[in-house]
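Chemist: Residue numbers (my numbering), protein chains in the order written: chain A, 1 to 69; chain B, 1 to 549.
It is possible that part of the hints are untrue.
Unchecked claim - Only some residues are given here: those of chain A computed to face chain B with a beta carbon under 7 Å:
| id | residue |
| --- | --- |
| 1 | Leu20 |
| 2 | Val26 |
| 3 | Ser35 |
| 4 | Leu36 |
| 5 | Leu56 |
| 6 | Trp57 |
| 7 | Phe58 |
| 8 | Arg61 |
Unchecked claim - Okay, the calculated bits of chain B under chain A, using three or more residues with CB under 8 Å as the criterion:
| id | region |
| --- | --- |
| 9 | 175-188 |
| 10 | 317-323 |
Read the hints as simulated data drawn from the structure, not as lab findings.
We put the beta carbon where it would ideally sit given N, CA and C, even for glycine.
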Amino acid sequence: MRLDLRLPIGLMFSLFGAILLVYGLVSDPTIYQRSLGINVNLWWGVVLLAFGLVMLWFSLRGGPGRTEM
Amino acid sequence: MLGIGWALRRFVRSSEDFFLSGRSIPAWIAGLAFISANLGAQEVIGMGASGAKYGIMTSHFYWIGAMPAMVFVGLFMMPFYYGSRARSVPEYLKLRFDEKTRGLNAITFAIMTVFSSGISMYALAKLLELVLGWSFHASIILTGIIVLTYIFLGGLTSAIYNEVLQFFLIVLGFLPLVLLGLKDIGGWHGLTSKLAVVATNAGFEPGAWSHSWKYTGAPSQNPMGIEWFGLIMGLGFAMSFGYWCTDFLVVQRAMAAGSMTAARRTPLIAAIPKMMMPALVILPGMLAIGLHATRGGFLPIGADGQPNYNLAIPMMLAHYLPTGLLGLGLTALMASFMSGMAGNVTAFNTVWTYDIYQTFIRPGQSDSHYLRMGHAATVFGILASVVAAYAVTRFNNINDILQLVFSFVNGPLFATFLLGMFWKRTTGHAAFSGLLTGTLAAAVHYGLTLSHGSVPGIKGGFLGTVMHVYPSEMALNFWTAIVAWTSCFVTTLVISLFTKRTKTDDELRGLVYSLTPRQSDAAMPWYKRPVTLAVFILVASAILNVIFW
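Work out the full structure: start from the sequences and follow the hints.
Modeler: Right, here's the structure in full:
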C-alpha cells in the first residue's frame, strides 16, 4: 500500500487556489497597482486551482505515476 | 496563508509512514525530490543574487554544470551507490578505503553542513528583517529557535515528501513573479536593453549580462571574471561533478527509488526540470539588476558599496506581489529555508554522532548515550550555524560563499571518488593523503589569493602575501576547486603506486567499476533506456547554450 503523493499536492493547491481566487474577487483593486494593474490573486488563483484539480483528478483516477516505473 | 501551509504540512506528515516503506518511490517523485533537495532557498536566493551580480553566465551552473554531472551520476555512479547500499558518503569511503578516509571526509562534510545551514539562516534572517522589520540579530536568534523546535518535533521525518510539495510551491510561487517582472520590463528585449545599461555602467560590452559564452575569451570581458577554461574545468568539471556525484543529501533521494534502473533514471528525470530552472531563479535576479540600474535604488546598498545582491529575490517579491500572492511566495521561501536548514543540521548530527563520535571518540556506548549526544550535536550544530551566518554577512552574494565551501569539500572528494571507483589499485593511504592534500591545497590557494575589491581575511588572502587577485569571488572559487581537485588527484595517483593494496578484489566487488557487473539495458525498449534520456538531456542543454550564447 502506498500513498499517492498527488492527493495532498492536489488538495493543497486547490485550497490555495480557491482562497486566492476568492480573495482576488473581494479585495480592494488599489492593491494591484504594484502588480501592473493585473488582479494576480484572481488569475493565479485560477491557475493554482486548475493545477490542484488536475492533480486530484489524476490521483482519483489512478493514472500514470501510480504504477511502478 | 502561512498558517494553512503549516496545517497542511502537519496533515502530510502523518501519512509519511506508508510513503517511505522501503525503496518503492515512483521515479518521478524520486526525480523531483532529487532536485528539490538542492532547490532550497539557498538556491533560489543565491542563484537570484548571482543572476543580478553575474548575469546570464550564472546559467552555466545548470547548462554546463548540473546537466552533464547529473547524466554522469545516472549512467556511471548510481550502480555503485545503489549496489553498495552505503547510506552516506563516509560509509562508502569506509567500504572502499578505510576508517581514516571516512573520518577525514566526515569532518569536512560536518563543516560543510554547518556552513550550508548558516547560509540558509542568514538568508532567512535577512528576509525576516525585510518583511517584519526586525533587527538582524533578533532575526538570527528567532531563526535558530524555530529550526531547533522544528527538528525536535521531528520535522525531517518526511523529508522526501515535503521536498516534492516544496518543489511545486517554489515553482508556482515564483512563476507569477517572473511573468510580472518580464511584462513590466518589456519582455526579453526590454530586459537585454536594461542589462546593456548595467553592463556599460560596470565597464563591459553591452551584452556582457545577457550572453553566456560570447565574452568568455578573457576574464576581463565578463562580470564573472573568468575565461572559458576556468569556467569549464572549475565549474563544469571539478565543482559540479563534485557536488552532484558526492553530495549525499542529493544522492540519497535517488537511492530511495524502487530498482536499480529507477535509481539510475532518477537524476536523468530530474535533469529535465532542472534545465528550466534558470528561468525561475536566475531571471528574477537579472530583472532586479535591470530595474536597479534604470529606475534607481531597487536594491539596498551594502557596507562594501555594492548592491546587496542577496536581496534581489526578496525585493522582487515585495515589489510585484500584492497581499495574498505575497503570502504564497513567502510560504514557499520559508518552507524551503526550514527544510534546508533542518536537513543540514540533521546531517551534521548524524555524521558527528555516527561517523566521528561513535567511531573515533567513544565507541561501544549504549544507544541512549548516542541519542543524547545526537541532541547535543543538534544544539551545537545550530550554534555553529549562527556563527557561520555572521561570516556570511561579509558576502554580497550567498552563492559565492556556498560555492566556496563546495570547492573546498566536494572538489577534492570528486577526485578521490573518480580514482576509487574506476581504478581498483587506489589505496586507502593514498585516498586519505589525497583528500588531505586537496583540502589543504584549497586552503593555501585561498590564503594566497583574493578577489577584486576584498580585504584579506575571511574572503581570502590571509596568508600574508597576496599572489593573485581574481576579478570576482566566483572566479576565485572556480580556481580553488581546480587546484583542490588536481592536487588530490595527483597525490592519490602517485601514493597509490607506492603503497600496497589492502583490499582484495573480493572486498571491492560492487565498489569499483571493473569489479561490478555491467548494467544491461538491452532488455528495455530503446526509449526507456537511461542512455536515451541522457543523450536527450545533453543535446537539449547544448541547444540552450547556443541559444543564449
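Chemist: How about Phe58(A): closest beta carbon in chain B under 7 Å, or not?
Modeler: 12 Å, violated
Chemist: Is the shortest C-beta separation between Ser35(A) and chain B less than 7 Å?
Modeler: With a minimum Cβ separation of about 5 Å from chain B (threshold 7 Å), the hint on Ser35(A) holds.
Chemist: Val26(A) was flagged as interface toward chain B. Is the shortest Cβ-Cβ separation under 7 Å?
Modeler: At about 10 Å, which exceeds the 7 Å cut-off, the nearest Cβ of chain B leaves the hint on Val26(A) violated.
Chemist: Please count how many residues of the region 175-188 of chain B have a CB within 8 Å of a CB from chain A and say whether that reaches 3.
Modeler: holds (count 4)
Chemist: May I ask you to test the interface hint for Leu36(A) with respect to chain B, counting a Cβ-Cβ separation under 7 Å as satisfied?
Modeler: With Cβ-Cβ at 6 Å, under 7 Å, it holds.
Chemist: Tell me if the interface restraint on Trp57(A) is satisfied: Cβ within less than 7 Å of some Cβ in chain B.
Modeler: 16 Å, violated
Chemist: The hint names Arg61(A) as touching chain B; please verify it with the least Cβ-Cβ distance against 7 Å.
Modeler: Interface hint status for Arg61(A): violated (16 Å vs cutoff 7 Å).
Chemist: Any CB of chain B closer than 7 Å to the CB of Leu56(A)?
Modeler: Interface hint status for Leu56(A): violated (13 Å vs cutoff 7 Å).
Chemist: At least three residues with a C-beta closer than 8 Å to a C-beta of chain A: is that true for the region 317-323 of chain B?
Modeler: Since three or more residues must qualify, the claim that chain A covers the region 317-323 of chain B holds, with 5 doing so at under 8 Å.
Chemist: Can you verify the interface hint for Leu20(A): is its Cβ closer than 7 Å to any Cβ in chain B?
Modeler: 6 Å, holds
In this structure, the hints that do not hold are numbers 2, 5, 6, 7 and 8, in rising order.
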